[in-house]
Amino acid sequence: MSKVHVATQINGEVHEFLCEPEETLLQTLRDTLGMTGTKEGCATGDCGACSVMLDGALVCSCLVLGVETSGKEIETIEGVASEDGLHVLQQKFLEHAALQCGVCTPGFIVAAKALLEKNPDPSETEIRYWLAGNLCRCTGYDKIIRAVQDAAATLR
Amino acid sequence: MSNPSFAYCAPNSVDETVELLGALSSNGTRFQLLAGGTDVLVQLRGIDDTPRTLVDIKGIAETKRLDIGADRVYIGSAIPGAVLNDNVELKAIFPGLVEAIDLIGSTQIQGRASMGGNLCNASPAGDSIPAIIANGGVCHIASPTGERELAAEDFVTGVGSNALAPAEFLMGVSFPTPVASSGDAYLRFIPRTEMDIAVAGAGVRLTLDGDTCTAAKVAIGAVAITALVVPEAAAALVGSKVDDAAIAAAGDACSALAKPITDKRGTAEYRRKVVGVLCRRAIAKALERARA
Chain A
42 MSKVHVATQI NGEVHEFLCE PEETLLQTLR DTLGMTGTKE GCATGDCGAC
92 SVMLDGALVC SCLVLGVETS GKEIETIEGV ASEDGLHVLQ QKFLEHAALQ
142 CGVCTPGFIV AAKALLEKNP DPSETEIRYW LAGNLCRCTG YDKIIRAVQD
192 AAATLR
Chain B
1354 MSNPSFAYCA PNSVDETVEL LGALSSNGTR FQLLAGGTDV LVQLRGIDDT
1404 PRTLVDIKGI AETKRLDIGA DRVYIGSAIP GAVLNDNVEL KAIFPGLVEA
1454 IDLIGSTQIQ GRASMGGNLC NASPAGDSIP AIIANGGVCH IASPTGEREL
1504 AAEDFVTGVG SNALAPAEFL MGVSFPTPVA SSGDAYLRFI PRTEMDIAVA
1554 GAGVRLTLDG DTCTAAKVAI GAVAITALVV PEAAAALVGS KVDDAAIAAA
1604 GDACSALAKP ITDKRGTAEY RRKVVGVLCR RAIAKALERA RA
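Chains as they are written, first to last, in the working numbering: chain A, 42 to 197; chain B, 1354 to 1645.
Please keep in mind that the hints were generated in silico from the structure rather than gathered at the bench.
Virtual Cβ for every residue (Gly too), placed ideally from N, Cα, C.
Just to be clear, a hint being listed does not mean it is correct.
Unchecked claim - Keeping only pairs whose Cα atoms sit at most 30 Å apart, straight-line, the calculated DSSO-like set for lysine-lysine is:
1. B:K1411 / A:K44
2. A:K113 / B:K1417
3. B:K1638 / A:K159
As the list claims (entries may be wrong) - Residues from chain B that face chain A, not an exhaustive set, calculated with beta carbons under 8 Å:
4. Y1361
5. A1435
6. S1459
Just chain A, same shape as in the assembly (with noise of 0.2 Å):
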């Protein structure tokens, strides 16, 4: 079979593209679209570094095709940051040094945003399980977690 053509929004924009049917998200959006906000770190859904959110679920985009996302709308690290600056997210993680390499970094910004998105006033234990799909080779997830605690209660 040859490529198929897709169109769905990223980031609110619409884009379209042609992807091979067997090329995941991730693929398609460091490959085809050069949106390497979002990183590979294990390609099997272990790690969440991949973490994008497709219509309003949070998913690791190297489990989800590049066709599926037809007419679909797809939110990417790219977009959290606004015109106006940081998210609060990133600005905790700044302040708090949740980050050392980074690669983890965008996966649990866009975890954490989805889980203060449903649960604005979340507790430890709610933060560490929502998030326990990502994984951070370098901080130790303490400082994540103070991150995601300090984001919270600034958003609250």
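With chain A held as given, fit chain B onto it using these hints.
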């Protein structure tokens, strides 16, 4: 004529799908059903990357439908776990089943993974499966000759294999709507805190009349090549007041029936013991819910 490259199609109806599957299987094209993709895409890259036609069943009404009726509850096979977990009414009726599905993977996995897919993937450790069985799940299968039903405990036939014929697919699973004074629960043991594959699992539903148990079903997972119904465990509960002796007997029956393997997650001896413990605790939890 075989298909040397990948292809993707997304049929919109049961009839269209069954016809497509029939055509693909009769011309020898390799194909695979796709719902959430959280098993299919992983296996595609890690185990077998042979090109095939992916048949996306998420666009079919019967796989997306959730019906909570007075007699039966129908859960479409492609509904993501996150959607089921957000359904307050469903969670109130089947807390154990929804918890079992919710245990699968991470938040990201829950955004796509479905109960139907977990069942069809037929892992010995699939978390939804003991809970589906314990709740009397009936599989609704679309086939070229019409639709057929199959009890959930007969659906998984081996490690990674299910009872679907080549041109069939699972539309959804239905359950008897629980009566009052009935409760369900599913518990599993995993080595870490989250996201692991079950080392042992137990699903229970029991129904009370006053303080006597009048109906029960117990299923265990991850301790044999498929999830197993444990009739002796249910027999120990039915007619009893679900006292410690009955619960202990049920737990022992689970341990006795288990045929676990030893692997990196645990020894056979450990799994045999833990499944009995989980059975007892799941009974206690189902009992609490039945009394509530």
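Hint by hint, here is what the structure shows:
For the suggested pair K1411 (chain B) and K44 (chain A), the alpha carbons sit about 21 Å apart, so the restraint of at most 30 Å is met. Straight-line distance between C-alpha atoms of K113 (chain A) and K1417 (chain B) comes to about 17 Å, which keeps the hinted pair within the 30 Å bound. The straight-line distance between the Cα atoms of K1638 (chain B) and K159 (chain A) is roughly 28 Å, inside the 30 Å bound, and the hint therefore holds. Checking Y1361 (chain B) against chain A: minimum C-beta separation of about 4 Å stays under 8 Å; hint holds.
This hint holds: A1435 (chain B) has a C-beta 6 Å from the nearest C-beta of chain A, less than the 8 Å allowed. Because the beta carbon of S1459 (chain B) sits about 2 Å from the nearest beta carbon in chain A, less than 8 Å, this interface hint is met.
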